[in-house]
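One letter stands for each residue in the lines below.
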Amino acid sequence: MIKFASPLRALIPVLVVLLLLALVPLMSPSNRFLSLAISAGINIIALYGLSVLFGQTGILSMGHAALVGVGAYTAALLARDFDIGFWGSIPVAGVMAAIVAAVIGIPSLRVSGHHFVIMTFAFGQLLTIILTNGGEYTGAATGLDMQQPVTMFGIALDPLERFYLLVIAFVTISAVASWAIINSSYGRTLRAIRENEKLAAALGINVGRHKIGAFIVSGVFAGVSGVLLAYFLRHISPGQFASFPSIYLALMVMIGGARLLLGPLAGGILVSFLPEVLNLDPVQSRILYGVCLIAVILFLPNGLIAGIADGWAWLVKVSKRAQASGDAREATR
Amino acid sequence: MSAILEIKGLRKQFGGVTALSGVDLAINEGEILGVVGPNGSGKTTLFNVVTGVHKPTAGSVTWKGKDITGIPANQISRNGIGYTFQQAMAFPGLTVFENVQIATEHSAASARTDFAWPTPASLLEFVGIPGLAREKAGILPFGSLRLLGLALALATRPSLLLLDEPAAGLNDRETAALVGLVQQFPGHGISVCVIDHDMKLMQSLCKRLAVLDFGSKIADGPTADVLHDPKVLEVYLGGEL
Ligand SMILES: Nc1ncnc2c1ncn2[C@@H]1O[C@H](COP(=O)(O)OP(=O)(O)OP(=O)(O)O)[C@@H](O)[C@H]1O
Ligand SMILES: [Mg+2]
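Residue numbers (our numbering), protein chains in the order written: chain A, 1 to 333; chain B, 1 to 241.
Hints listed in this document are in silico derivations from the structure and should not be mistaken for laboratory results.
Every value quoted in this text rests on a predicted model; they were computed, and no experiment measured them.
Quick reminder that beta carbons are idealized off the backbone N, C-alpha and C, glycines included.
One should not assume that every hint holds.
[Stated by the list, open to error] Derived pair list, reagent style DSSO-like, types lysine-lysine, alpha-carbon separation capped at 30 Å:
id: 1; chain 1: B; residue 1: Lys66; chain 2: B; residue 2: Lys55
id: 2; chain 1: A; residue 1: Lys198; chain 2: B; residue 2: Lys231
id: 3; chain 1: B; residue 1: Lys136; chain 2: A; residue 2: Lys198
id: 4; chain 1: A; residue 1: Lys320; chain 2: B; residue 2: Lys64
id: 5; chain 1: A; residue 1: Lys317; chain 2: B; residue 2: Lys55
[Claimed, not checked] Not everything, but these chain B residues come out facing chain A in the computed CB check (under 8 Å):
id: 6; residue: Thr51
id: 7; residue: Ser60
id: 8; residue: Gly70
id: 9; residue: Ile71
id: 10; residue: Ala73
id: 11; residue: Gly80
id: 12; residue: Tyr83
id: 13; residue: Gly128
id: 14; residue: Thr156
id: 15; residue: Leu227
Throw the hints in and build the complete structure from the sequences for me.
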């Protein structure tokens, strides 16, 4: 029998990190810190969807924030017009974002990958235009306000510590869902498409359908992330889902690395906190992001986490070899 | 003998280039048919058109009595036609085991329940690379990559295997091992059509040979007869034969 490392080995480090992050409120962090952490977490939920799309299937979306926007606006409209709260919005927003992903994906994924990148980018712009021109219904350029807080078992979750824990819970669910996809036969099918489309088709895989499927799956994560964003910010407007936020998402997933489960976590945290830690203004932080992106693409094409893992493996190998040659010298003496 | 695959009047043009100009060819159940011909004579194109990699310009392909002309590649595979590419290929970033696992997971399992190699492990065992299961396919030596390609095609549980130059780039020992594998296929209900330039290999594998030249079939019959056909000798000008 051929034995392989258990897939749990990939999940456990992520769960440990998330457990530690869940303890952060015990250290009474500042509100500023919690807010940043919550935004990072909300992004990370969408990143776990992008990791299925980009990491497993090899397709890059440059308009992903628009799908987050679909989720956010769905939540805001459900609350305003139907009195449906947070928990009811989660499934509806997931489905809505999935439907929109299908609508973009079906015409554009039948063609090539480059084509798709442009289509997603154009779609991001289009959604902003639609929302801005939606009149009263979408609140035009001003956007929409959220009135209700998130409650669970009658407890309001709007104090930042509680909302933070809610986000950590959703990040955990996203990470586990992404892990389950990666380790299923569906995940293997997506990787086969990433590695060699022609061979995948020859083995009976419907390449076009699965690419669209992966985009739809990533849309569900984006939709859920949008609901959390709407309830966190209490106010949403079209600009939040335009091209810059989309580029940030792509940046986070590339910097952290899309193939390993720790990647989205690392990318989301780094990109959110780096400007804060280094005390940069928005212009400086954009320059930093640009430099980071170029550096990652050139030196760590599979992202930071994969780079660290490779570096570690290399060190282990080198030290083993050094030891072996040392032993050999010892033996000849 | 009955034809399992019937190709009629198959034409393929790439812009001004006529790669196939009306080829008729039948592959019989249980045989190992060889297809030879000079470079650029249309052999690979013939496979590509049958397997849905390219759509034919004209002509028809009938599989077990059903018209399958121009259907997409993934459905061809699900109908029980497996093939290996002239450029040996796999999923380079995945392990050898995962490669075969993916192929097994997409086989139309319902089609053949009696299949001799139902699991990834049994396939790797059969082609002789079980020890490489954990390696990334991208680092395999060429001979092993060809064997992996064969395992992948076989994993789809085909009733017909199309092999495009399966021995190209293999050394004598590897070629002999490959011949040993291919010869077992008919006994397992898998008909074979194989392209190769190596006439010694073709003589040892195929009882029947078809010859393509400039997109047309110029000979088709028992191997020994075809190899003495004046038209065939003229094409090869006494070179490779
Ligand atoms: N995708 C393509 N686009 C344009 N022309 C093509 C394409 N594929 C094949 N051809 C042309 O069709 C003709 C037949 O090529 P094919 O690859 O079928 O030959 P072959 O018999 O397999 O040759 P070889 O023995 O070198 O593999 C050649 O002239 C080739 O240039
Ligand atoms: Mg060829």
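With 8 Å as the cut and Cβ atoms as the points, is tyrosine 83 of chain B at the interface with chain A?
Holds: closest Cβ of chain A sits about 6 Å from tyrosine 83 of chain B, inside 8 Å.
Would the hint linking lysine 198 of chain A and lysine 231 of chain B be met if the CA-CA limit is 30 Å?
violated (36 Å)
Hint check, glycine 70 of chain B versus chain A [nearest Cβ-Cβ separation less than 8 Å]
It is violated, given that the least Cβ distance between glycine 70 of chain B and chain A is near 14 Å, above 8 Å.
Starting from lysine 320 of chain A, check that the Cα of lysine 64 of chain B is at most 30 Å away, please.
violated (58 Å)
Closest C-beta approach of glycine 80 of chain B to chain A relative to 8 Å, hint status
Status violated, d = 10 Å.
Against chain A, run the beta carbon of serine 60 of chain B and see if the smallest gap drops under 8 Å.
violated (21 Å)
Does threonine 51 of chain B pass the interface hint, meaning its C-beta sits closer than 8 Å to a C-beta of chain A?
holds (7 Å)
For the pair supplied as a hint, lysine 66 of chain B and lysine 55 of chain B, is the alpha-carbon distance within the 30 Å limit?
Satisfied, since the Cα-Cα distance of roughly 17 Å is no more than 30 Å.
Checking hints one by one. Is leucine 227 of chain B an interface residue toward chain A, by the C-beta closer than 8 Å rule?
Constraint on leucine 227 of chain B not satisfied, violated at 31 Å.
Next pair to validate is lysine 136 of chain B with lysine 198 of chain A; report whether the Cα-Cα distance is within 30 Å.
With a Cα-Cα distance of about 19 Å, the restraint between lysine 136 of chain B and lysine 198 of chain A holds, given a limit of 30 Å.
Identify whether the interface hint at alanine 73 of chain B stands, where standing means a beta carbon of chain A within less than 8 Å of its own.
Cβ of alanine 73 of chain B sits 4 Å from chain A, so the hint holds.
So, threonine 156 of chain B near chain A? Judge it on the closest CB pair being under 8 Å.
Nearest chain A Cβ about 6 Å off; hint holds.
The structure shown violates the earlier hints numbered 2, 4, 5, 7, 8, 9, 11, 13 and 15.
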